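Take the sequences, apply the hints, and build the full model.
Chains as they are written, first to last, in the working numbering: chain F, 1 to 111; chain R, 1 to 114.
Everything labelled a hint here was simulated from the structure, so no lab data went into it. Be a bit skeptical, because a hint or two may be false.
Listed below are the simulated DSSO-like cross-link pairs for lysine-lysine, each with C-alpha atoms no more than 27 Å apart in a straight line [as the list claims (entries may be wrong)]:
1. LYS36(R) <-> LYS36(F)
2. LYS67(F) <-> LYS41(R)
3. LYS41(R) <-> LYS36(F)
4. LYS41(R) <-> LYS70(F)
5. LYS22(R) <-> LYS36(F)
6. LYS40(R) <-> LYS110(F)
7. LYS110(F) <-> LYS41(R)
8. LYS40(R) <-> LYS36(F)
9. LYS22(R) <-> LYS36(R)
10. LYS56(F) <-> LYS68(F)
11. LYS70(F) <-> LYS40(R)
Owing to the predicted nature of the structure, the values given are computational and were not obtained by experimental measurement.
Each chain, letter by letter, is given below.
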Amino acid sequence: GEDVEQSLFLSVREGDSSVINCTYTDSSSTYLYWYKQEPGAGLQLLTYIFSNMDMKQDQRLTVLLNKKDKHLSLRIADTQTGDSAIYFCAEMENQGGKLIFGQGTELSVKP
Amino acid sequence: ETGVTQTPRHLVMGMTNKKSLKCEQHLGHNAMYWYKQSAKKPLELMFVYSLEERVENNSVPSRFSPECPNSSHLFLHLHTLQPEDSALYLCASSQDRMGAGGYTFGSGTRLTVV
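Structure below.
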C-alpha cells in the first residue's frame with residue numbers, strides 16, 4: 001500500500017534554516033501536505049502543494065517537490081524556538097481520497 | 001481553536017466502561033474522520049464519513065463504534081477497551097472526500113485505558 005517516510009529527528013540552532021524531508025510512494029497523489037503538531041495539540045495544516053507544481057513559497061516556508069523521485073521537502077527559514085514541534089508529511093491518496101501520513105519529524109530548535 | 005472541537009480533552013476509563021468521544025465542526029464541511037495517534041507510530045485512519053454515510057472502516061475492532069448523526073457531529077463510542085487502545089484520538093473534517101484543501105484537525109482526546 002501507500003507509504004510515506006520521514007526521518008524521525010532534526011535538531012537546528014535558532015536562526016538557521018531547517019529542511020525536513022519526506023518520500024512517498026503513490027505517484028498518482030494529487031496533493032501533498034505539511035502539518036505541524038505542537039505538544040498536546042492536534043495537527044495544524046501549514047501548507048500544501050499540488051502535484052503539478054515543483055515549488056511553493058509561503059513566508060518562511062518553502063516546499064519543494066521532486067515528482068520523479070517522489071521526494072518532498074519543507075524548508076523553514078530563520079528557524080525560531082517556537083518552530084519546535086513534530087512535522088508531518090502527508091499525501092492525498094488519489095484512488096481512495098484519504099490522507100496518508102508519515103511518522104513525523106521532531107524538530108528541536110536550540111537557542 | 002481550529003473550527004473542529006473535540007470533547008473531552010482527556011479521558012481515563014476502565015476496561016469495562018462505556019464512554020463516547022465527541023467531535024463538532026461548523027465549517028460547512030461534508031466529510032469527517034477519526035484518526036488514532038499512538039506513540040512512535042504513523043497516524044492511523046479509523047473511519048471516514050462523507051455526507052453522514054460511513055464510507056471507510058479500516059479494520060477497526062468492534063469495540064470502537066462511530067456515529068455521525070449529521071454533517072456537523074461525529075462520535076466515537078467506546079466499550080470494553082484494552083490498555084493498548086490508549087492513544088490520542090483525533091477528529092478531522094474536510095470540504096469533501098477528496099480534501100483538496102487539506103483536513104482541519106481538532107485538538108484530540110487523550111485516552112488512557114486502565
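These are the hints, each one checked on the structure:
For the given pair, LYS36(R) sits about 16 Å from LYS36(F) by alpha-carbon distance, which is consistent with the 27 Å threshold. Of the supplied pair hints, the one linking LYS67(F) and LYS41(R) holds, its CA atoms being roughly 26 Å apart against a limit of 27 Å. As the CA atoms of LYS41(R) and LYS36(F) are separated by approximately 16 Å, the hinted pair is consistent with the 27 Å bound. In summary, the hint linking LYS41(R) to LYS70(F) is supported, as the alpha carbons are separated by about 22 Å, within the 27 Å threshold.
With a C-alpha separation of about 23 Å, the suggested pair LYS22(R) and LYS36(F) falls inside the 27 Å cut-off, and the hint holds. Distance hint between LYS40(R) and LYS110(F) is fulfilled; the C-alpha atoms sit about 23 Å from each other, no more than 27 Å. For the proposed pair LYS110(F) and LYS41(R), the alpha carbon gap of about 25 Å is at most 27 Å, so the pair holds. With a CA separation close to 16 Å, the supplied pair LYS40(R) and LYS36(F) stays within the 27 Å bound.
Annotation: proposed proximity of LYS22(R) to LYS36(R) holds, straight-line Cα distance about 14 Å (limit 27 Å). Using a Cα cut-off of 27 Å, the hinted pair LYS56(F) and LYS68(F) holds, with the two alpha carbons roughly 17 Å apart. Distance restraint check for LYS70(F) and LYS40(R): the Cα-Cα separation of roughly 23 Å lies within the 27 Å cut-off, and the hinted pair is therefore satisfied.
Checked against the numbered hints given earlier, this structure breaks none of them.
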